[in-house]
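Protein chains: 2
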Amino acid sequence: MTKTILGKNDFIENLRGKTATYLLAMSNTDTANIEGITQAGIPGQIYLTPTLDSEFLCTGEVRSLEDIAKTPKGVPTPALITRAVHLLHPFRNIELLDLGIQVKPKLEYFKLHELDIKPSKSIHKGANIEALEIFQKGLAFAQNYELKDDYLILGESVPSGTTTATATALALGYDCKDMFSSSFKEVPNDIRTQTINKALENIDENDDIFTILSKVADNMLIFCAGVILGFNNSQKLILAGGTQMACVLLIVNSILKTMQGTLETSNLALCTTKWVYEDKNSDIKALIEMSELKVNTYYADFDFALSTHPALKLYDNGEAKEGVGAGAALAFGFLNGLEKVQITEKIESFLG
Amino acid sequence: MTKTILGKNDFIENLRGKTATYLLAMSNTDTANIEGITQAGIPGQIYLTPTLDSEFLCTGEVRSLEDIAKTPKGVPTPALITRAVHLLHPFRNIELLDLGIQVKPKLEYFKLHELDIKPSKSIHKGANIEALEIFQKGLAFAQNYELKDDYLILGESVPSGTTTATATALALGYDCKDMFSSSFKEVPNDIRTQTINKALENIDENDDIFTILSKVADNMLIFCAGVILGFNNSQKLILAGGTQMACVLLIVNSILKTMQGTLETSNLALCTTKWVYEDKNSDIKALIEMSELKVNTYYADFDFALSTHPALKLYDNGEAKEGVGAGAALAFGFLNGLEKVQITEKIESFLG
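Protein chains in written order, with the numbering used here: chain A, 39 to 390; chain B, 39 to 390.
Given that identical chains are not distinguished, each listed pair holds provided it fits within a single copy or across any two copies.
20 Å max Cα-Cα, derived SDA-like pairs, lysine to any residue:
hint, residue 1, residue 2
1, 149, 303
2, 56, 187
3, 149, 373
4, 149, 51
5, 149, 305
6, 295, 174
7, 149, 179
8, 56, 374
9, 41, 144
Calculated directly from the structure, the hints in this document are not laboratory data.
Make a model of the complete structure from these sequences and hints.
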């Protein structure tokens, strides 16, 4: 089932039985190339993760992996979870956002929204993002977006995205150093902290918000902030992610403050995994409360207690937590009658 | 799951979770009255098969069988498969095409498209079909058709339809004598071959394509060729059948050649059963490749391995293979989360 972190369960209960479009925001930041900063992918080919995630989610096949022998043996991607739910109770539409990925997925029929955005640079040297332009692209995309289903689930695949999210929230002045999640159990604080500190050194105290974002954020964070502000708020939107999506809310909050604007958030929610919710090294609830936005927040009460597969047990041991909208996908499955055991077995079936 | 015969799996994966209208094309040809040519129905009442198939598919009841004692004891109709899927995960709409059936189904509420078409004669004496008129009716029907769902599944119920399909493809000049399926395991080549040869003797070398069709085809083949050419090709259409639907593609191909026309086929697919795909006596893949149309082709990976029911085991032994869109119905079920075991049990429940 789905449990409530903030707000009531009415928002999510009201979605029971309704159809969803799943939208995957994909981007690359060179931050992921810093050795040891993330385990979200294949060493040396981390940039392929969003590409492979989207291929697997849509077709069950991994098509852009040049050397199939290098199939990751470590933590399996949370795309397995999202795909499993999609097989058991499908999203009615899956669409993809290319927010600057190095390799486009090899897919036909699935809508890939091309936005002419380049992968961003590593934040330790300055990400060099056209932040205002990307924000405006997100705003325009959402304003023009025609939702074909009852609600929209917005997931992400951005390797090293928790590092850029942490740097961004800190750079925007939120006091949240120890509130961010990572794909690691033992968070590599040395390399992460070093990278974040270097990134923060690039910030000038006179920088405006978009200048700050251009230096320390990633494309997904900025674009999705635009989506939240541009999306028709008579339609329901679920941010499908953990601390990265919380950072998107903090960006929105900062932009609203700058503009002295407000946002009607009753149709906005965030949904993540139990692994994020229970993570000792981060605090999703505190992060969202730091924004002044009232956002219904949930987690899917799912773990691999019913599995003995060692690769999946890594999740329960804290080695992977969220991504590719796994938490919201699980919630979507639960809202449509799926049981934990079915989902577990379907995920296991991918691993052989 | 659904497996790919031609093309990639993207077309079918993109239909996951979407809604479908199921349209059943029904016709009678007197060819079916030739003794021993088909086992698709009750001896002496073969002409009733489309009527009974449609009644069972829509209502779970067989209403037009005058003598209930004569309930077939042989190979159960594939309508059982399509109905089972419809019970477990329903098509959103079922509609029926009367392309010349002797007995109209006793149904209310279900849309029966009446097209003023008569059953055709036996091809051994000349089918005597107003081929151009029926083709134009198919074209007009598709041009005016308002699809209420995300995609259309077009199935058929035409007893002895594989015989007319074989004769048609050969008469159109395709070198495909041994590529066609039949409802029999031991294909009754004597009577089939004799019938087909007699049909081909009626063809004059100066006959144009519609004259050829008028002699050797059946109403379903001709009408469905019109449907393919008239259907709005921004909408997805699945031909639900085996070698008969492949013959429809060959007719379309021949018409296009005659007219020097082309057809955009990216939203067109064919889906059949594993029994057709694995049939040693036919070659669905080669048939479709013979047309110059690029058509995504799939089969539903379903058999009765999980059943011990002797009537169902006849399928696995090759005694029945396809019909009433069974293959596409199974694919539709898989695309919506159904599992083989559920479908097997539901089909068994019909047999008591």
